[in-house]
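Using the hints provided, position chain B relative to the given structure of chain A.
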Amino acid sequence: ETGVTQSPTHLIKTRGQQVTLRCSSQSGHNTVSWYQQALGQGPQFIFQYYREEENGRGNFPPRFSGLQFPNYSSELNVNALELDDSALYLCASSLGGGKGDIQYFGAGTRLSVL
Amino acid sequence: DQQVKQNSPSLSVQEGRISILNCDYTNSMFDYFLWYKKYPAEGPTFLISISSIKDKNEDGRFTVFLNKSAKHLSLHIVPSQPGDSAVYFCAAKNYGGSQGNLIFGKGTKLSVKP
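Going down the list, the protein sequences come from chains A and B.
Just so you know, our numbering puts 28 at position 28 of the first sequence, and the rest follows in order with no gaps.
Just so you know, our numbering puts 87 at position 87 of the second sequence, and the rest follows in order with no gaps.
Pulled out of the complex, with its shape left as it was, chain A reads as follows (with noise of 0.2 Å):
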């Protein structure tokens, strides 16, 4: 069983591109989550994905957007960069729905932006 992986590892933008992550997730897992963590907070939810629909967004703006395909592997898509979109951009995959649904985690994508 395959746990949950993103690419890249790292990527350096300049303010104004646009960027693409990736993420496989964890075999049998048909619901995707991205959060941003920023250097010394926790991470923050951006938005879920269950069977290629998105399920529930948080407090980012429109230019963040998501895919999930039929394989439930997902992209985050992040338009004309900002400096404060430098962070860590996790993935998380889980079974979806019911109380006890648990995320893992990818390793993440390091982003920095200039």
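Derived from the structure by calculation, the hints contain no laboratory data.
Quick caveat, the model's predicted, so the values are computed rather than measured.
For each residue, glycine too, the CB sits at the ideal point set by N, CA and C.
Nothing false has been slipped in among the hints.
Among the chain B residues that face chain A by a calculated CB cut under 7 Å, a handful are:
1) Gly43
2) Pro44
3) Phe46
4) Phe89
5) Phe104
6) Gly105
7) Gly107
Leaving out everything else, chain B in the frame of chain A:
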């Protein structure tokens, strides 16, 4: 407006002693709580969880206590081991609200000295 607070940024304990990590929350709608552990360059790893209908959950060396009236939970690690040195995040969830939304505290860095 932090709904989940971990007021101690760091904690240092001696190997073999008890580590107690604390977490306070403000939202009475939270009905599920989780603890994650994070090593550098890795994603958060699920440790233990507790439903709001319980006041204690134990798994090996790890025990989580929930005091709903005080809106407080704590993680006890007994005995502490050097390998437990990591950042510990408390997270909460409201299953009646936004499904995927784990709300995290800022974390407590635990150092266990040999």
